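Line by line, the protein sequences are chains L and W.
Residues 1 to 113, numbered by the numbering used here, are exactly what the first sequence covers, in order.
Residues 1 to 111, numbered by the numbering used here, are exactly what the second sequence covers, in order.
Please keep in mind that the hints were generated in silico from the structure rather than gathered at the bench.
You may find that some hints are simply not true.
Unchecked claim - Computed cross-link-like contacts, DSSO-like style, restricted to lysine-lysine with a CA-CA straight-line distance of at most 27 Å:
1. L:K68 / L:K24
2. L:K24 / L:K78
3. W:K108 / W:K54
4. W:K98 / W:K54
5. L:K78 / W:K108
6. W:K108 / L:K24
7. L:K68 / L:K78
8. W:K54 / L:K68
Treat the numbers as computed from the prediction; the structure is a model and nothing was measured.
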Amino acid sequence: DAGVIQSPRHEVTEMGQEVTLRCKPISGHDYLFWYRQTMMRGLELLIYFNNNVPIDDSGMPEDRFSAKMPNASFSTLKIQPSEPRDSAVYFCASSITGLQPQHFGDGTRLSIL
Amino acid sequence: GIQVEQSPPDLILQEGANSTLRCNFSDSVNNLQWFHQNPWGQLINLFYIPSGTKQNGRLSATTVATERYSLLYISSSQTTDSGVYFCAAQITTSGTYKYIFGTGTRLKVLA
Numbered sequence: 001d002a003g004v005i006q007s008p009r010h011e012v013t014e015m016g017q018e019v020t021l022r023c024k025p026i027s028g029h030d031y032l033f034w035y036r037q038t039m040m041r042g043l044e045l046l047i048y049f050n051n052n053v054p055i056d057d058s059g060m061p062e063d064r065f066s067a068k069m070p071n072a073s074f075s076t077l078k079i080q081p082s083e084p085r086d087s088a089v090y091f092c093a094s095s096i097t098g099l100q101p102q103h104f105g106d107g108t109r110l111s112i113l
Numbered sequence: 001g002i003q004v005e006q007s008p009p010d011l012i013l014q015e016g017a018n019s020t021l022r023c024n025f026s027d028s029v030n031n032l033q034w035f036h037q038n039p040w041g042q043l044i045n046l047f048y049i050p051s052g053t054k055q056n057g058r059l060s061a062t063t064v065a066t067e068r069y070s071l072l073y074i075s076s077s078q079t080t081d082s083g084v085y086f087c088a089a090q091i092t093t094s095g096t097y098k099y100i101f102g103t104g105t106r107l108k109v110l111a
């Protein structure tokens, strides 16, 4: 079975540009999570969805960040406008239920110049 | 909020050695998960262990929920075990789930 699929794997863009990260969860998983990993702050949960509905977005750093899940097999995390401090590795994860193990994608390494 | 602390922060082993990594959490948790982040940055599930002991090959984990800690044992370490090991605690607050990652143990296994 395919795991969680993220795209792109790497993204380099200039400050001020819009960035869109994509995630396809494991089929049948009702929960989808977006995380950010930085050296300074480690792994942080940004937002999670249950059955395509955002449940907790308290980890989203500011209004420049937004996430959507239009259907059970696709989610996006958008940053607009991007800033150099947004540079990080962004992970998507999914789980069958909220109390089951999370499975992570390979991440998107984002660099904002 | 809940604190998740891991020790030691760094560990260097000779191939073949055994090691124990520790994860302490400051409050009751629903679940506890261990991950290995390999040198390519991938996060690999190791164990999902809210309580008790599990084993998978050379790795095993024990969580003592009442005492708020979990241990990850690596036996006969190999160079491929190098990377960062994270524990992640799950709690429920106001009906929503919170996932708190520890800061990790960076392991280097020397040939």
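Comparing the hints with the structure gives:
no. : hint           : in the structure
1   : L:K68 / L:K24  : holds (12 Å)
2   : L:K24 / L:K78  : holds (15 Å)
3   : W:K108 / W:K54 : holds (24 Å)
4   : W:K98 / W:K54  : holds (24 Å)
5   : L:K78 / W:K108 : violated (35 Å)
6   : W:K108 / L:K24 : violated (32 Å)
7   : L:K68 / L:K78  : holds (8 Å)
8   : W:K54 / L:K68  : violated (36 Å)
Hint compliance for this structure: hints 5, 6, 8 are not met, and every other hint is.
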